[in-house]
Amino acid sequence: MLLKRGKDLIVTGDLAAARLVLRKAADANNAEAALALAATYDPFVLRELKVYGFTPDAVMARLWYEKAIELGSPAAPRRLEMLTQGTATR
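2 is the number of the first residue of the sequence shown in the numbering used here; add one for each residue after it.
There may be inaccurate statements among the hints.
With a cut-off of at most 20 Å between alpha-carbon atoms, the simulated PhoX-like pairs for lysine-lysine come out as follows [claimed, not checked]:
#: 1; residue 1: K51; residue 2: K8
#: 2; residue 1: K8; residue 2: K68
#: 3; residue 1: K51; residue 2: K68
#: 4; residue 1: K25; residue 2: K68
#: 5; residue 1: K8; residue 2: K25
Between beta-carbon pairs, the in silico distance windows are [stated by the list, open to error]:
#: 6; residue 1: G87; residue 2: M2; range: 28 to 36 Å
#: 7; residue 1: N30; residue 2: G54; range: 25 to 33 Å
#: 8; residue 1: T13; residue 2: P57; range: 14 to 22 Å
#: 9; residue 1: K25; residue 2: Q86; range: 25 to 33 Å
#: 10; residue 1: P75; residue 2: K5; range: 17 to 25 Å
#: 11; residue 1: A76; residue 2: D9; range: 16 to 24 Å
#: 12; residue 1: G14; residue 2: M61; range: 15 to 23 Å
Because the hints were derived from the structure by calculation, they are not lab data.
Beta carbons: idealized from backbone N, C-alpha and C, even for Gly.
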């Protein structure tokens, strides 16, 4: 339920609230939530979502992608690689 709510908040552009909700789910060891949370910090994802005025944080994105990897996310290693290489994530 938290994951769906977090994703819905991302769609509506409320990244601050999405981060709070996704953080709870990620802290409960939800790999998909950790991946989604990382994306809210990823400068490439934010650019693709056309989110302006919200500061990306590559360090936080990396930390949450790494957590998603630990939790078993199959998509997280690729996202982390793309972030590290400085390429778009989608």
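Cross-check of the supplied hints:
no. : hint                   : result
1   : K51 to K8              : holds (16 Å)
2   : K8 to K68              : holds (18 Å)
3   : K51 to K68             : violated (25 Å)
4   : K25 to K68             : holds (13 Å)
5   : K8 to K25              : holds (13 Å)
6   : G87 to M2: 28 to 36 Å  : holds (35 Å)
7   : N30 to G54: 25 to 33 Å : holds (32 Å)
8   : T13 to P57: 14 to 22 Å : holds (19 Å)
9   : K25 to Q86: 25 to 33 Å : holds (30 Å)
10  : P75 to K5: 17 to 25 Å  : holds (20 Å)
11  : A76 to D9: 16 to 24 Å  : holds (19 Å)
12  : G14 to M61: 15 to 23 Å : holds (19 Å)
In this structure, the one hint that does not hold is number 3.
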